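On the provided structure of chain A, position chain B as indicated by the hints.
There are 2 protein chains.
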Amino acid sequence: MAVFDWSTFLADQGHTNLGLPEVYGGGGDVGASIAAFETLALGDLSLLVKTGVQFGLFGGAILHLGTRVHHDRYLAEIASLELPGCFAMSESGHGSDVQSVGTTATYDYESREWVINTPSDADRKDWIGNAAVHGKAAVVFAQLITGEENHGVHAFVVPIRSDRGKVLDGVRIEDVGHKIGLNGVDNGRLYFDSARVPLSNLLDRYGSVTESGEYTSSIESPTRRFFTMVGTLVQGRVSVAGAGLSVSKVALTTAVRHGESRRQFGPPDGGEEVPLLDYRAHQRRLLPLLASTYALHFKQAELVRDLDLVFSGAEDDEQARRSLETSAAGVKAFATWHAVDCLQTGREACGGLGYLSSSGFASRKADAEIFTTFEGDNTVLLQLVAKSLLTGYREEFGDLNPIGMAGFVATQAVSRLVERTAARELWGRIWDEITPDSEEDGDLNKREYQLALFAWREEHVLESAARRLKGGIDDGIDPFEAFNACQDHVLVAARSHIDTRILEAFAKGVELCEDETVKALLERVCDLYALSVIEQHRGWYQEHGRISSTRSKAVIRNVNALCDELRPQACDLIDALRVPDCVLPEFGPGGIVG
Amino acid sequence: MAVFDWSTFLADQGHTNLGLPEVYGGGGDVGASIAAFETLALGDLSLLVKTGVQFGLFGGAILHLGTRVHHDRYLAEIASLELPGCFAMSESGHGSDVQSVGTTATYDYESREWVINTPSDADRKDWIGNAAVHGKAAVVFAQLITGEENHGVHAFVVPIRSDRGKVLDGVRIEDVGHKIGLNGVDNGRLYFDSARVPLSNLLDRYGSVTESGEYTSSIESPTRRFFTMVGTLVQGRVSVAGAGLSVSKVALTTAVRHGESRRQFGPPDGGEEVPLLDYRAHQRRLLPLLASTYALHFKQAELVRDLDLVFSGAEDDEQARRSLETSAAGVKAFATWHAVDCLQTGREACGGLGYLSSSGFASRKADAEIFTTFEGDNTVLLQLVAKSLLTGYREEFGDLNPIGMAGFVATQAVSRLVERTAARELWGRIWDEITPDSEEDGDLNKREYQLALFAWREEHVLESAARRLKGGIDDGIDPFEAFNACQDHVLVAARSHIDTRILEAFAKGVELCEDETVKALLERVCDLYALSVIEQHRGWYQEHGRISSTRSKAVIRNVNALCDELRPQACDLIDALRVPDCVLPEFGPGGIVG
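Chains as they are written, first to last, in our numbering: chain A, 1 to 594; chain B, 1 to 594.
Hints in this document: simulated from the structure, not taken from any laboratory.
Hints should not be assumed to be uniformly reliable.
[Stated by the list, open to error] DMTMM-like cross-link-like pairs, simulated, lysine to aspartate or glutamate; straight-line CA separation at most 20 Å:
1. A:553 x B:432
2. B:446 x B:463
3. B:136 x B:5
4. A:553 x B:535
5. A:553 x B:5
6. A:446 x A:488
7. A:553 x A:463
8. B:553 x A:463
9. B:553 x A:488
10. B:553 x A:535
11. A:553 x A:440
Note that the structure is predicted; figures quoted are calculated from it, not measured.
Looking at chain A on its own, in the form it has when it is part of the complex (with noise of 0.2 Å):
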């Protein structure tokens, strides 16, 4: 129970509740109820997870998908807690594919209800945050059923227990069992057999139906309408992608301070022995993941008020919207998988006494393994991703089958496909100044070579992608295998335009640091970063003849170097980011205290 108490007790405190709107007791401010979740997932994550379904999933389908008459009804004791509720998408079935979901909400003209059933197991919602104890109402999405006619997905009020926890007729829950963990969070199975709501409690913001059974909605599409409810969600994306970057932090906030108070071997002639972090293999383990939290903490920033735009209205187009989804969904890929690397590199970096639950990697490395899976698997996240630039933004963002993009693909030139991007000037003059093969090292810490060097993938592999997607299919192939045989190059493309975003909203930030010491520092961190990928991708920067073999080496000779640079700083680095005392372990003269 204790997770539900201290729900509650953040809850009774106002902290929860910031991107609510202010009539219902909430903050009114996207933004702020971002940086919340992000700082509330430096420590226990079955508590960021139990709030963010109530505040964030339940809340949140309810104010974008429902109107007044729910926002009246639900929205205040949504964020008082006295509602704890669900947020019933996923099926066990269909975990990715939401618009295939099998649950059904048919409309009883007589008795003016909804009916909602759950055809077979397959269909049950599964992995319902709050569902297998303390929900009492469940947003539930269903294919809504007027006569013989579906209209497609839309969302349900379902209450599932009284107010005394009862499970109420026509529904049955079932516990997902244990998992690796995440144990504080009541993850539930629901299953539906004609139970009963009120008309009124379809969400109609996009899709409503009169007494009589009509349905009408404002937009005309029935993939358009269902793409823009789910759209209306990425700010859990944007959620997740921020508490994997939280919890990178803690993890490397960790392992730099061991690395720097634990000693191991001396000279030999007897002298002291030398800290870890003086190690090179050390630093390159380390400092290069601490570049990359700098880099996705930029861009994180970015993020969280394109997301604040979009939300509060300030800048609402279609187009700011596809690309804060676009970005939204790359972001959380990476910033997630970063955790999973931090947390994994950071404890064998502290050997034993990382394996100790007292050093803080044990639950954190068991909780936010799930991050790359929910709210999008990162594979399937990164496959829109670069739908969305191979469709140019044209087609919907959220229709996952990957096989009929081919066929999009293949209608359209591929000049029209590949929007030029503005590096493209860039390159001209910056190719002519340095060469492939060139000799001068420095070049490699020129922030517009990096940009120019990223910019040029980015735009050759995603080119590349869309010439063998259109091939395939003008070659007559099926859709799946032309799709199938170049899923890996469409992942690289999606992948190095996200690398391409890091990288620029990093320079960004530094651009517009005023303190001259600070910027100086954080210059070199941003060096370490755009060449550490540069390195990862040494091998095709050469296979394309963008860098010679000569350079390729200089890289590696750089990252060496920016390791060295950086050390003195490594702790300074880590104290900026502030994670609070309370968190971490204590450590001593041998690292963690065990």
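Below, chain B alone, put in the same frame as chain A:
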């Protein structure tokens, strides 16, 4: 208590002491004992470690470091688990650097006893399995002191609990606390405050003390004596390597079977959904890991055979022993990192279902996590491998201080340091046939060409690391700085050495296969392993002019083609690993049954 009861059951069945001599109730078969350990590693890993400590480490230390009197006194009771015991080597302040342990065993001339002491908290024995609850005795590694003289680290049998389980005078025991995993093992900390044991409790195979306190040893050099003693423990590393390999087999069996049965997304025309494993991205995640598992399987079999030869005395020259120690260190590092990879990738590939504890990933991820640290931190082990290579096996294997190595290397000619591999002759021929920019994709599947690429890299990296190390010292750079400036390079040398040995073992294993159909299949798996490794290092191969950019792209293409080709047989390859159903989750039409 469960895990101890399981251990007792296994001991009663005679399954756990295959490695102990027959006269004491054992099986007298070292190779079989490792095979048993590898089998046990398919199941519960706390049980594995608990029995490993008892029969492998505790029993092994008494067997290898003790003499007849100790064998007679202890081995039968160890084999039957009447005497549960500990292996007390690591200390809080010195995990990896055993030569520097602080615990002392001082000879008391009057009482003819050893007085065991823990001088400071940093010298407490830490992480000792069987210590916190069950152990009645411990083999304690301590500095042997007679009069004023320290004869270096030796092992002593020290009782720690009475038969009724009461902690004895002079001994203090703490639990290390809750851990990420392996909580079925009672890891503890031991402090000694003038604990007294008789003279004969010194395990005196390599050094003994007379009643009058005179020290004698068959090995004159104290350093060599120490490393001979520690060397007998190579069995632990071979065992952990095998356990890591078993864990990776379970993880991949789960993930591949899930990928075969779970379907997501269908063709746009609404046909049947596609099994996950049909997607290239999914194949790319799992099949190269499967190929590496096969490769490691063959290398591990070779390692176990070598261990058996050395320990049975069939092949016990210095060179065979050092080569075994080097292989064991490298394969342990590779196999345990591989296990972590397979668990992480496998869990992600199973999505949410992999997050349920019932899928088996939960406990294995938590338990196997520490495999990369215990029995030698993997990075430290790779450094040992590099040291063996760089000193031509002339320096003591176990001496971990990397800084001394730089000094040794400086005194030698590079040509003496880097042994010319037999592959050299091969190259002349292969390079004549296949030029770096040949356009023939087919060349890539020639085993000789793959072996030549691996061996060429190995020798090139090692030679250049030796040159840099030597160059640094010759230039008068401080030995630590000289070592540190190429630590990353030195680690690459170790890795490329192990890569090559693994490919050689796999290739040899395929050669010996008598069934032509199976052999043909294994050839392709071996190709996938070899080309995946070359793909990882294609940046390096291009930097060194060994493959052209054209050929580098062909490597990627061939890895894709091999994934495609092997996909239909993925389940056969998994079945052949023979992971028993009882350690796997249940599979249904939707994949893992949750």
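Quick rundown of the hints versus the structure:
no.	hint	in the structure
1	A:553 x B:432	violated, 27 Å
2	B:446 x B:463	violated, 26 Å
3	B:136 x B:5	holds, 16 Å
4	A:553 x B:535	holds, 17 Å
5	A:553 x B:5	violated, 57 Å
6	A:446 x A:488	violated, 31 Å
7	A:553 x A:463	violated, 28 Å
8	B:553 x A:463	holds, 17 Å
9	B:553 x A:488	holds, 14 Å
10	B:553 x A:535	holds, 17 Å
11	A:553 x A:440	holds, 12 Å
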